[in-house]
Amino acid sequence: MIDSIIHSEIFMLTLTIGIYLAAQYLYRRTHFALFNPLLVSMAVLIALLRALGIEYEEYSSGNKIINFMLGMSVVALGYLLYEQIENIRGHTLSILTSVFVGSIVGVVSVALIARWLGAGDALVASLEPKSVTTPIAISVSASSGGIPALTSVAVIVAGVFGGIVGPWILRMVGVHDRVAQGLAMGAASHALGTARAMEIGAIEGAIGGLAIGLMGVMTALLIPILDKWI
Amino acid sequence: MVGIFYLLLFYLLGNLVSVLMHGFVPGSVLGMLFLFVALLSGAVKADVLRKPSRFLLDNMMLFFVPVAVGLMAAYDLIRGHLVAIVVSLLLSTIVVLVVVGLMQQKLGNKRHD
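Protein chains in written order, with our numbering: chain A, 1 to 230; chain B, 1001 to 1113.
If you are wondering where the hints come from, they were derived from the structure by calculation, not from laboratory data. Please note that a few of the clues may not be correct.
Stated by the list, open to error - Some chain B residues well away from chain A (every beta-carbon gap over 10 Å; in silico): (1) LEU1016; (2) MET1072; (3) VAL1098; (4) MET1103.
Stated by the list, open to error - Going by beta-carbon spacing under 7 Å, a handful of chain B positions derived as facing chain A: (5) LEU1020; (6) MET1021; (7) VAL1048; (8) PRO1066; (9) LEU1091.
We put the CB at the ideal spot given by N, CA and C, even for glycine.
Construct all of the structure, not just a fragment, from the sequences and the given hints.
Given below as structure tokens:
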């Protein structure tokens, strides 16, 4: 009987939200950087699922509604962008230039570092679109000789990492401008970086959403060209 | 509820165009763009979208939890080249953050000089 409860959708869903809320509470009480709510929820859930013998596929299908909400929240960024339009006006050219350079630097740096550490062509092609939203990253990876499954892992790693340390790194190098912060978070860590940028402020979140789209399109167009040299 | 309907409608529209593009750009990102254009053109009133959008955006980080837990199923895939993969991804993510952040801060504020 307990078994059928443990394997039910409502259990998976309650577990996800409950653990996230607890992690958020812990972070708000301590403000200790390592207690990032996403990081803590991820670690606790992975350990719990292992202990309860629940496969990831089962957990994931129990959380379908959360994945749906993720898609809806990306659409909602369109509203935020509209609400913040006054803060974007006049920044168009600088935004396009910064994301363009960021896209080149992102692809080249990950390729060079991975190669230097012994990665082969397929692995490099899988890592190159890491800063881009998953569907774009996967199509780019597949058409440039990468392994799509590996690419989706790379996208999550870049997203989780940037989402956690991004604001801290930006502060360290002296980026205080709100538009610049949001743009960097969205460009480096797609929707995950944007979700974190949302927590800093509405301008940051709106610009992050814009960066997801721009970075995706630019990287997709640049990778076939850059691949000729690296 | 009207706001939720619009979010769903534009998500659906985004998915439709995404399918026509063979899934290259995700439906949600296209939906964001379409909703933005519809609001700009005045076809959709912003007021009805405020509440549902705020609710979704305020909780966006939570919606990533299942995706992040997916890393538990990925270990076998990356085990062979763990160091090359992790080091290159982390360093390159920092590089993008710093380059885009500093560039935008410099270029974006030039016009105020």
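Hint by hint, here is what the structure shows:
For LEU1016 of chain B, the shortest C-beta to C-beta distance to chain A comes to about 13 Å, beyond the 10 Å cut-off, and the non-interface label holds. Annotated as non-interface, MET1072 of chain B brings its C-beta within 10 Å of a C-beta of chain A; the closest such distance is 4 Å. Here VAL1098 of chain B does not stay apart from chain A, with its beta-carbon only about 5 Å from theirs, under the 10 Å limit. Taking the minimum C-beta to C-beta distance to chain A, about 4 Å, the non-interface status of MET1103 of chain B is violated against the 10 Å cut.
With its C-beta approaching chain A no nearer than about 14 Å, LEU1020 of chain B sits outside the 7 Å limit, and its interface hint is violated. Below 7 Å, beta-carbon pairs count as interface contacts, and MET1021 of chain B has none with chain A, the closest being about 10 Å; its hint is therefore violated. The closest approach between the C-beta of VAL1048 of chain B and any C-beta of chain A is roughly 10 Å, which is over the 7 Å cut-off, so the hint fails. Annotation: interface hint on PRO1066 of chain B holds; nearest CB of chain A at approximately 4 Å, less than 7 Å.
Interface hint status for LEU1091 of chain B: upheld, as the beta-carbon distance to the closest one in chain A is roughly 6 Å, under 7 Å.
Figure legend: structure checked against the earlier numbered hints; hints not met, in rising order: 2, 3, 4, 5, 6, 7.
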